[in-house]
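Asker: Please model the entire structure based on the sequences and the hints provided.
So the protein sequences, as listed, match chains B and P. Just so we're aligned, residue 7 is where the first sequence starts under the numbering used here, counting upward by one. Just so we're aligned, residue 7 is where the second sequence starts under the numbering used here, counting upward by one.
Note that these hints are calculated values from the structure, not bench results. Honestly, I wouldn't trust all of these hints.
No distinction is drawn between identical chains; accordingly, a pair holds when it is met within one copy or between any pair of copies.
[As the list claims (entries may be wrong)] Below, a list of computed lysine-lysine pairs in the PhoX-like style, where the Cα atoms sit at most 20 Å apart:
no. : residue 1 : residue 2
1   : K147      : K62
2   : K409      : K337
3   : K62       : K155
4   : K101      : K164
5   : K147      : K109
6   : K129      : K147
7   : K373      : K337
8   : K301      : K373
9   : K164      : K224
10  : K155      : K101
11  : K101      : K299
12  : K147      : K101
13  : K409      : K34
14  : K199      : K81
15  : K81       : K372
16  : K109      : K299
17  : K338      : K363
18  : K166      : K199
19  : K363      : K373
These are the residues of each chain, in order.
Protein chains: 2
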Amino acid sequence: MQNTADIICAIATPNGTGAIAVIRASGKGSIELVDQLFSGNLTEAQSHTLHFGTLKNERNELIDEVLISVFHEGKSFTGEESVEISCHASPFIQKEILSAIYKNGARVANAGEFTMRAFMNGKLDLSQAEAVSDLIASESKASHNIALKQLRGGFSNKLKELREKLIHFASMVELELDFAEEDVEFADRTELKNLVDEVIAYITTLANSFELGNAIKKGVPVAIVGAPNTGKSTLLNNLLGEDRAIVSNIAGTTRDVIEETINIEGVLFRLIDTAGIRDNAEEIEALGIQRSKEKIVQSSVVLCMSDLSVENDLARVNSWAEEIRNEFPDKKVLIVGNKMDLSKDEASEDVLVISAKEGSNIDALKKRIVELVVGDRDLDQDIIVNNSRHYEALLRTRDALTKAQNGLVSGVTGDFLAMDIRQAMFHLGSITGDISTDDLLGNIFSKFCIGK
Amino acid sequence: MQNTADIICAIATPNGTGAIAVIRASGKGSIELVDQLFSGNLTEAQSHTLHFGTLKNERNELIDEVLISVFHEGKSFTGEESVEISCHASPFIQKEILSAIYKNGARVANAGEFTMRAFMNGKLDLSQAEAVSDLIASESKASHNIALKQLRGGFSNKLKELREKLIHFASMVELELDFAEEDVEFADRTELKNLVDEVIAYITTLANSFELGNAIKKGVPVAIVGAPNTGKSTLLNNLLGEDRAIVSNIAGTTRDVIEETINIEGVLFRLIDTAGIRDNAEEIEALGIQRSKEKIVQSSVVLCMSDLSVENDLARVNSWAEEIRNEFPDKKVLIVGNKMDLSKDEASEDVLVISAKEGSNIDALKKRIVELVVGDRDLDQDIIVNNSRHYEALLRTRDALTKAQNGLVSGVTGDFLAMDIRQAMFHLGSITGDISTDDLLGNIFSKFCIGK
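Answerer: Put into structure tokens, the structure is as follows:
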């Protein structure tokens, strides 16, 4: 565990050259430390004020003209006395300023250490702190919304409220143990059972949202499968068409490494193994499931393409989709009938007919893909879990509570009941950090960038 | 010319992902514009204060938790009412915030437009504005110092003072023209001649510093030439040795494209055509000047390597260096005698003896290379011109003044004298922007990055 009494310092803005860079220092004495290098006077400055002047190094050599933000203890992001230095964003100047501050007594901040301090000082709970990292990594509106909602409180308050109630009951049950010989019942069993039911229901809703949350966070994998010449490549081009430029604008999107991505209604979709489709490798692709299986295994959504201009092709694809549904019950399968203008068959309602070439019904297809993934959830309102650590803790909480539930039905003794509830509280508390260990914290915050 | 009444907005921090990004908006109404998207109240805020809250878009959707800096008119970098928004540095969030601000009535800032406005509003003169761009691009202490000195005023004040005096004399001389028939002399010719001499002397000193300033700005090109097996490759490795890591730390330094660079006493040196040396291509390199000529032409400093362990090699290299000095009088040539421990010849004082293999005298060599370039100038104190636009304006000013000087000696009439002085004032004024045209400004500021 790092020493929380140190003054920590790091560059907070992205690496590179630009107009402005921000260097941030936090900890008791950080204002005075920076003040020693600054032409103005920061020690008398009020919190949340900006100060223009020059910064010198320890040899009294001018480094830059800077604008310094002062934050008093209790009023900053970390909760500690903090300083932010806006300087010209040349790598040279940033290095010189850091070096001067380190020489003056601060130390290099570890990855995520500013946010960890915010957590330590009660400015954020653990799931909120984790949301900061998710927020920065967000590439789509949907994943951004989930992270921001969590940063603003999200399920934390509700979980804390439920945990408080469980704590109350657990203490009552444990109190009974102290009076075991007198056979009293401080904790009303019916009330307790209702509470346990309520918590299980809420946790189940949250846990069920994880599949969607995780898919949104990482991008929802979509496979387009079908026989040669059904128009997979044309559909792909059509889907990518207008969104391509938008995706390319996002820094760090390396088209060579990740699959092609499209952003539909703010949700990011990853189209799996498009290289094969693009290279016209589809020509040598066999018709059956076997060859496509690898793609299907990786996907959440499978688009089965049928060529409506070929007689009985739809029937064949229908039975093929049925096979996929049987073998992979967790995949969302959609039959797409292409070449609708040349259709020989009558398509049933569950087939989405399009013309990839003419671009007909492509919007309807996109809408259906989003519906398949999001279901009846409201991405703007519902709380969605996207963190696997939270998901696992929720499942463990539920396991413990289910035991308690069964115990209440079968009438187990108070000591067993208390143990199950304590266990549930432990897992529930680990989500928000009411329960935490150094290992857990180190593991979470090491995934952050330096300066956050 | 851009409309200076618009509110302009851009990302000011480097591109990419990090903890914090800063988006800057400037122009009358910018505070109110951002206030409409912000949860707090900025319109009543004092200048130089920070405000925490949330930012929403025009559809009232939450974008991020932000910290907003407010600057009142006359108190900001641009001189205009301005706002800086510190947000989480995800590309998605930055794009969303920019988009919301543009939709609310701001427009995209052009490259350098914030600095151009600072110039327009008299917060910086033109040479100071240009120094901002140099400062951001600085990769070494020496180039950083020159830019920072210029940003802090540099020669601007002195040039302005001299220009004021010239203006005074020019008006006196022109006044004489109005009274031509009366043969009066308002402008004392001896005083005028003294002033012209003074300005010419000052300008000559500044112009002479340009060679050094330009070399420092771009990195001083150094050629290492010599016969095969004299130890060029060993010397190169030795020179690069400890500095390599430092150079690699600077973002944007692409070793494949630019030459190898070393930083000696804060001055950046570029070692020319080191690929040839590294690849042992020196083996096939001929002994004479012809093959090395291309390297020498590109360089400022030429290191002629002699192998002291070979009898009479030093004499040969001496006469070879003499040839180079005759053909390229502007190059600084230094004879380096390698393998000093195996020396067969007595080296004269102007030969710097080293052992590249043992690392002996390498520090002395580095010191001598810096001396060759810097001469007796004090990089920390002297004003050094590093901008070719300023250099050319200085030369033109001097040309016009030399004409005036000659005119004063030969006693030309007042109207010729006035014309020459006006011409000198024009060129002198173009450096600081007292004289400027839209073309000139457009040309200067288009080289800036967006957001500055």
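Asker: Classify it for me, K363 with K373: is the Cα-Cα distance of at most 20 Å met within a copy, between copies, both or neither?
Answerer: within (19 Å within a copy, 71 Å between copies)
Asker: Regarding K199 and K81, is the shortest C-alpha distance of 20 Å or less found within a copy, between copies, in both, or in neither?
Answerer: neither (42 Å within a copy, 64 Å between copies)
Asker: Please sort K155 with K101 into within, between, both or neither, judging by C-alpha distance up to 20 Å.
Answerer: between (35 Å within a copy, 19 Å between copies)
Asker: As a check of your reading, is K166 near K199 (CA-CA no more than 20 Å) within one copy, between copies, both or neither?
Answerer: Within one copy, since 19 Å is at most 20 Å while 86 Å is not.
Asker: Treating 20 Å as the Cα threshold, decide for K373 and K337: within, between, both or neither.
Answerer: So K373 and K337 pass the 20 Å test inside one copy only (17 Å; across, 70 Å).
Asker: At most 20 Å between CA atoms: does that hold for K129 and K147 within a copy, between copies, both, or neither?
Answerer: Cα proximity of K129 and K147: none, with 26 Å in one copy and 40 Å across.
Asker: Go through the copies and call it for K101 and K164: within, between, both or neither, with a Cα cutoff of 20 Å.
Answerer: neither (44 Å within a copy, 32 Å between copies)
Asker: 20 Å Cα cut-off: does K81 pair with K372 within a copy, between copies, both or neither?
Answerer: This pair counts as neither: shortest intra-copy Cα distance 46 Å, inter-copy 51 Å.
Asker: Measure nothing new, just compare the shortest in-copy and cross-copy C-alpha distances for K301 and K373 to 20 Å and report within, between, both or neither.
Answerer: Result: close neither inside a copy nor across copies, 22 Å intra and 63 Å inter.
Asker: If the cutoff is 20 Å on CA atoms, where do K147 and K101 land: within, between, both or neither? Let me know, please.
Answerer: between (35 Å within a copy, 11 Å between copies)
Asker: Which holds for K338 with K363 at a C-alpha limit of 20 Å: within a copy, between copies, both or neither?
Answerer: Answer is neither; intra-copy 25 Å and inter-copy 69 Å both fail.
Asker: Please work out whether the CA atoms of K147 and K109 approach to 20 Å or closer within one copy, between two copies, in both situations, or in neither?
Answerer: between (42 Å within a copy, 18 Å between copies)
Going through the hint list in order, the structure does not satisfy hints 2, 4, 6, 8, 9, 11, 13, 14, 15, 16 and 17.
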